[in-house]
Amino acid sequence: MRSQSKSTFIRSVSLHALLIPLAIIWLFPLWMMFIFATMPDYGIFSPGVELLPSTHFFENVSNLQADTNFIRALMISIGVALIYTLLSVLLTSMAGWALARYHFLGKSVVVGIILGTITLPYFVVVIPQFIMVAREFKMANTWAALIVPPLFNSLGVLFMRQSFSMMPAELFDAARVEGVKEWQIFLRIALPLARPTMAALAIILFLASWNNYLWPLLINSRPDMMTAPVALGTLIGLTKVSWGGIMAGAVLLTAPILVIFVLLQRHFIAGIGAGAIK
Amino acid sequence: MQLRNRAAYGFLAPYLLIFAIFWIWPIISSFWMSFQNTRVNPWAFNPGMNWGRLFSDPAFYNALKNTMIILVIQVPVMITLATVIAVLLNSPLLKARGIFRFAFFAPVVVGEVAYAAVFRLMFNLDFGIINKLLNKIGIPSISWFAEAPFAMALLIIAVTWRWAGYNAIIILSGLQSIPEDVYEAATLDRVSKFKQFIYITLPLLRPVILFCVVLSIIGSMQLFTEPFLITNRGGPGGGTETLGLFLYRQGFASLNFGYASAIAYTMAGLAIVISLLNLWLGREPK
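Those protein sequences? They're chains C and Z, same order as listed.
Per the working numbering: the first sequence = residues 13 to 290.
Per the working numbering: the second sequence = residues 202 to 487.
Simulated from the structure, these hints should not be mistaken for laboratory data.
Mixed in with the good hints there might be a few duds.
Said to hold, decoys possible - Mimicking DSSO-like on lysine-lysine, the simulated pairs with C-alpha atoms at most 27 Å apart in a straight line are: (1) Z/Lys296 / Z/Lys396; (2) Z/Lys394 / C/Lys18; (3) Z/Lys266 / C/Lys18; (4) Z/Lys394 / Z/Lys296; (5) C/Lys252 / Z/Lys333; (6) Z/Lys396 / C/Lys18; (7) C/Lys119 / C/Lys193.
As the list claims (entries may be wrong) - Now the stretches of chain Z that chain C is said to cover, found in silico as 3 or more residues with beta-carbon under 8 Å: (8) 212 to 223; (9) 227 to 235; (10) 270 to 276; (11) 290 to 299; (12) 418 to 428; (13) 457 to 467.
Said to hold, decoys possible - Here are some, though not all, of the chain Z residues that point toward chain C, as calculated from beta-carbon distances under 8 Å: (14) Asn206; (15) Pro259; (16) Leu322; (17) Leu448.
Since this is a predicted model, take the numbers as computed values, not measurements.
By construction, the Cβ of each residue, glycine as well, lies at the ideal position given by its N, Cα and C atoms.
Turn these sequences into a full structure, and let the hints guide you.
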């Protein structure tokens, strides 16, 4: 028994000896992001090694604001991500409900097309999307251009379909016997039961919209309609720009989402894990 | 068909409309565009123009080569790391689990632009923290951005940092779905932990790991933001230009939509071939 606990001890020590350095390496870029964001530019470009925070964060934010209107870009990003998440959860829940609980002509075709095209690279659709939205609809640099095209994402349909199809049929049949309308069954019975799945889906969609770069870069290139990642991206690579400011912007983009991540870690991980396993 | 089943069309219609306009139609449209001369007005059908140019364009082969190098190195390194991280995080002996989970999973939520900015600053030749730390242990500064092999290494490091945790989450949920009693029997038979991992865990994880490999290949195939922002538009001199960046330049800097569509379909073709190859390699042995 003693050798048993001794071997457990050795295994525990080697486990941590492996994992701690790996975790430090993984945390390092995030740590440096916060450090850089608090340092003045001359500090960032100094020859010394600075690993602890300084006090220039708000100065950096105002430097950033002088380089680009980042506060407005943040507001656009927040608005777009919220509206997109709401719309996408609603649309894909309805579609997932239809595909999970009804038999109708063309159902297998719809499911087949969604599954058959889900792994196609986004680059295959981005050019026609751009031509359509910018040239034919003349909707470049609008809120709708940021929100509507990305709604094609079919992840939610599969996610919600899975969730609805696991619910017992008796629940809905009982309501039908009492003459409850189909849309009321969906709104009053099915949606409340699917709440945990919707939460996981909403988090993933919000994150995708918040971090989306290529489409907003292409479609909303006018400075007053840029999202926060696009506005920040335009500064990277310029010479006459405050790097402390860029880092403050990176922190403003990252910190809220990290807080959400810490608070809702279980939903996050459930979302990524479950979506992948099934 | 029962009356109530007609309600399905009402539920499906709004999503299907968006899906048709912004996904299905563009898929068809860009295929058609790849056979058009889009540099004249109106566009003219000219099937050989873009595809002919593609297969004789040294810039295309350069982008293809860079993408393949990144794929071949980055995906195995990252999946191995992700498996190691997942197995270690799954150990019942682990203390302060929350901190470790945060360390590896947090990069998953960090936006591409934010992390690109940090990596660009960290790896700077003269004042970057990485070179300063290398100097401290006696290694001379590396010019990460001026020499192509180092710039490629930097991209691989950056992408691995960002996505290893994501794959670890998937592998971890695969690990947790393996029933305990499989190990109990092996422990009673005095099979070592290491042998249990090789002969029990890995074979059971095979489908999950393969799924991660396919996802990662498709993701790395489309690499755009990292070479665009970290190595400054695929620098030095196209040394880190990927297919995604090459497509962006052709489609949105030169506005040559037909040629960019041909590049897009090449990427799609590669993604499909590699996914099928993986499925074939991963089929259950009969």
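Hint numbers not upheld by this structure, sorted from lowest to highest:
3, 10 and 15
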